[in-house]
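Construct all of the structure, not just a fragment, from the sequences and the given hints.
Protein chains in written order, with my numbering: chain A, 1 to 304; chain B, 1001 to 1431.
Keep in mind that the hints were calculated from the coordinates and are not lab data. Some hints could be false.
Here are the simulated lysine to aspartate or glutamate pairs, DMTMM-like style, with alpha carbons at most 20 Å apart [what the hints assert, rightly or not]:
no., chain 1, residue 1, chain 2, residue 2
1, B, 1125, B, 1151
2, A, 114, B, 1365
3, B, 1299, B, 1324
4, A, 114, B, 1324
5, B, 1410, B, 1374
6, A, 124, B, 1324
7, A, 126, B, 1329
8, A, 126, B, 1324
9, A, 213, A, 224
10, A, 124, B, 1361
11, B, 1152, B, 1114
12, A, 126, B, 1365
13, A, 253, A, 179
14, A, 124, B, 1365
15, A, 126, A, 116
16, B, 1152, B, 1098
17, A, 294, A, 279
18, B, 1125, B, 1114
19, A, 114, B, 1329
20, A, 268, A, 224
21, A, 124, B, 1329
Pair by pair, the computed Cβ-Cβ distance ranges are [unchecked claim]:
no., chain 1, residue 1, chain 2, residue 2, range
22, B, 1122, A, 140, 48 to 56 Å
23, A, 101, B, 1263, 17 to 25 Å
24, A, 204, B, 1029, 53 to 61 Å
Here are a few chain A residues that sit away from chain B, every Cβ distance over 12 Å (derived from the structure) [claimed, not checked]:
no., residue
25, 91
26, 295
27, 298
Quick caveat, the model's predicted, so the values are computed rather than measured. Just so you know, even glycine gets a beta-carbon here, dropped at the ideal spot from N, CA and C.
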Amino acid sequence: MIGPLSLMARAQSYIDVEAERAAQRTGSEVAGEVTGAPSNTSSTSTPVSPYGSQPAQSYPATSYGLNSAPAAPVSSAPVSAGATGGVGAGGQNLGNLFYQIQQLQQEVMRLNGKVEEQANELRKLKEQSLERYVDLDKRLSGAGTTAPGLAPAPAPSASTAPSGAAAIAGSSAVEQPGEGESYRAAYALVRGQQFNDAITAFQKFLRDYPDGKYAANAHYWLGELFLVVQPQDLEASRQSFTLLLDQYPDNNKAPDAMYKLGKVYFLKGNRERSREYMDRVISEYGSSGSSAVKLARDFITENY
Amino acid sequence: MKWLPVLALKLALLMISLGARAELTIEITQGMDNPTAIAVVPFAWQGPGSAPTDIASVIDGDLNRSGQFLPVSRSDMLGLPSVQSEVYYRDWRAIDTEYLVIGRVSVAGQMRIEYELFDVLRQTKVHAGVVTGAVSEARMLAHQVSDAIYEKLTGIRGAFATRLLYVSVTRVPGGNDYFRLTLADSDGARPIVLLESREPVMAPTWSPDGRQIAYVSFESSRPAIYRQDLASGQREQLTNFKGLNSSPSWSPDGNTMAMVLSKDGSPDIYLMNLASKRLTRVTRHYAIDTEPAWMPDGKSLLFTSDRGGRPQIYRYNLASGSTERVTFEGTYNARARVAQDGRNVVMVHQQNGAFHIALLDLVSERLQVLTATDLDESPSIAPNGSMVLYATKYAEQGILAAVSVDGGVKFRLPAREGDVREPAWSPYMGR
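Printed below as a string of structure tokens:
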């Protein structure tokens, strides 16, 4: 019963088992050959490593057929010795040869797998590069025909065209090349507390990418930065927050910008306008879970 | 042809049902998010006494198991119509039913089931039909009604009126285990033991017309491939070679059997002409080539090989004799089975050490892991390509489980007793 059962287990998942078994088998066979050998030839009693010098000693190099003339007779001798049941050097060499063949087979299989995988990678890369080329080609030819049409249309200048806000908001989802890098560089200045440099950087950012993906964030940071630099520039801060609200009313920074705008008006001494904005934060974003709502509520209870 | 004697000492060939003993039960573990609410009203019985089979509950179970439908509970039904004139749409709208099935069953020699399908929201009859057959096949007739309803509402041919083969193993502590090759309806009901043996039975598979099966049995103390006619029970031993005789797979035209033999050294794929019994060697490699599966067009074979160092799926083109590797994702992919569309391939896929069932789309080359359990094996795909049946372990017990090809619907079919393994879903059984 054990026989068939183990066979069954082998047949169900025998690939792994088989491979392991083969590894074990080859190991034990070599060990067997080596331990069996000393009684016959003392010169082979040292442990044999498959690629060691031992096979070369017992087998002249010619036995592998590397040299032309003596190859045939010498290599055929151990085979016949093994076939006639002869033990000793011939049998041991045959075992080594068998082991080496198995090793080579495994090595070839492994390399085979690598070649298959790399061929597949290459094929995929080729497909991808072709796709990229086609895409680029399409965009280039597309740019050639649409660019002139675009030119007469009002340029999407973020700072001067509040009426174009929708268009800008639409295009703002796309990050332009180099934009993220430029934005992060400016933001790093904020984190490094180099506020004046940060203002310059964000202003440059907005000149370079007026309708970029991070334009709204840049306006927000400018608004904040004008409040923390010495001396404070309340008017510049007010303009930044107002721009953000006018151009990106749906941006996730909008509730914060509105709260900040209320605060700026308060600092400017305009309590009524300040209260208006705080109330608007609560009424417009009350259900959004924005932290600005709580800040606005706190601000009202503290100051009104 | 050498037809073997049907009985042997260690082997009893039974064509009787073992009743509930080997029966599979069904537990749905995951359904779709928005299943369609459908009410299957108990069918009116137009005969003497009470109905022998609850046709409506069989249909209920089928639709429920698909995961795409949510049957309405009978206790929620405000009326039990069996003819169109008794249907009041507002009663069904009131309990949020989208579709309604009513029907009548009568027996005059043969059983006759008439059924009608209504769209409650549009207040129209969508479909009506009649199926007839032997009274003993009442459940199969009900499955045919399910197939028609499923096809009408999803546009995909139903696969309820199909059957399953599986091997169940009853452990006998200190003795020889019992192996039973079992045939059951697609819902696990009506199990019939086709072969009972104290030696392993493996790799059951179907002929493309669903009339014959083939399997590997160790009853002669070494593995041999047999084929068996389901209607007559007649058996034929196809192979008895030294070494492995495994993984039989019928060609789509039914004339050739692919198999794995190790008579010439390492396991390789061979084709046997079933009429002449002549063998053709397909693969010739010192690596292990195994688990052949035909593409539906019969022009190529998928098989598992470790010629690349690890087991992966390869495809052999019979016309050109060329072999190409199919799977590249993961370190282990084995035992492929192809859906009838020739595009979806299910296989055992190793990921993070665990064995899952994965689906490979041959066109997009996208591989999707369908299951989350650990020791999944032996996937078999429904003839309509909608569900994959596989073997897994649950609570220390070998069970069958099923998953939809999108991974959205899952259910288990645990046996009441013993381990169940190696399911094989039948092709369509003719209409």
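How the hints compare with the structure:
1. At roughly 15 Å between alpha-carbon atoms, residue 1125/B and residue 1151/B fall within 20 Å of each other, so this suggested pair holds.
2. Proximity of residue 114/A to residue 1365/B is assessed by CA-CA distance (about 19 Å); at most 20 Å being required, the pair is judged to hold.
3. As the CA atoms of residue 1299/B and residue 1324/B are separated by approximately 14 Å, the hinted pair is consistent with the 20 Å bound.
4. Between residue 114/A and residue 1324/B, the direct Cα distance comes to roughly 14 Å. Compliance with the 20 Å bound is thereby established for this hinted pair.
5. The hinted pair formed by residue 1410/B and residue 1374/B meets the criterion: a straight-line CA distance of about 15 Å does not exceed 20 Å.
6. Between the alpha carbons of residue 124/A and residue 1324/B the distance comes to roughly 15 Å, so the proposed pair stays at or under 20 Å and holds.
7. With a C-alpha separation of about 18 Å, the suggested pairing of residue 126/A with residue 1329/B holds against the 20 Å cut-off.
8. Proximity of residue 126/A to residue 1324/B is assessed by CA-CA distance (about 18 Å); at most 20 Å being required, the pair is judged to hold.
9. At most 20 Å may separate the alpha-carbon atoms for a hinted pair to count; residue 213/A and residue 224/A meet this at roughly 19 Å.
10. Our distance criterion of 20 Å between C-alpha atoms is met by residue 124/A and residue 1361/B, whose separation comes to about 16 Å.
11. Restraint check: the Cα-Cα separation between residue 1152/B and residue 1114/B comes to about 16 Å, which is no more than 20 Å; the hinted pair holds.
12. With a C-alpha separation of about 15 Å, the suggested pair residue 126/A and residue 1365/B falls inside the 20 Å cut-off, and the hint holds.
13. Restraint check for residue 253/A and residue 179/A: the C-alpha separation of about 19 Å stays at or below 20 Å, so the hint holds.
14. With a C-alpha separation of about 11 Å, the suggested pair residue 124/A and residue 1365/B falls inside the 20 Å cut-off, and the hint holds.
15. Of the supplied pair hints, the one linking residue 126/A and residue 116/A holds, its CA atoms being roughly 15 Å apart against a limit of 20 Å.
16. This hinted pair checks out: residue 1152/B and residue 1098/B have alpha carbons roughly 14 Å apart, not beyond 20 Å.
17. Taken as a hint, the residue 294/A and residue 279/A pair is honoured in the structure, with Cα atoms around 11 Å apart against an allowance of 20 Å.
18. The suggested pairing of residue 1125/B with residue 1114/B holds, with an alpha-carbon distance near 14 Å, which does not exceed 20 Å.
19. Restraint check for residue 114/A and residue 1329/B: satisfied, since their Cα atoms lie roughly 13 Å apart, inside the 20 Å limit.
20. Taken as a hint, the residue 268/A and residue 224/A pair is honoured in the structure, with Cα atoms around 15 Å apart against an allowance of 20 Å.
21. The straight-line distance between the Cα atoms of residue 124/A and residue 1329/B is roughly 13 Å, inside the 20 Å bound, and the hint therefore holds.
22. The hint said 48 to 56 Å for the Cβ distance between residue 1122/B and residue 140/A, and at roughly 52 Å that hint holds.
23. Checking the proposed 17 to 25 Å range against residue 101/A and residue 1263/B shows it holds: the Cβ atoms sit about 21 Å from each other.
24. For the pair residue 204/A and residue 1029/B, the supplied restraint of 53 to 61 Å holds, since their beta-carbon distance comes to about 58 Å.
25. At roughly 21 Å from the closest C-beta of chain B, the C-beta of residue 91/A stays outside 12 Å, upholding its exclusion from the interface.
26. Remark: the non-interface label on residue 295/A is consistent with the geometry, its nearest Cβ contact in chain B lying 38 Å away (cut-off 12 Å).
27. Every beta carbon of chain B lies more than 12 Å from that of residue 298/A, the smallest distance being close to 41 Å; the non-interface claim holds.
Against the hints set out earlier in the document, no violation occurs for any number.
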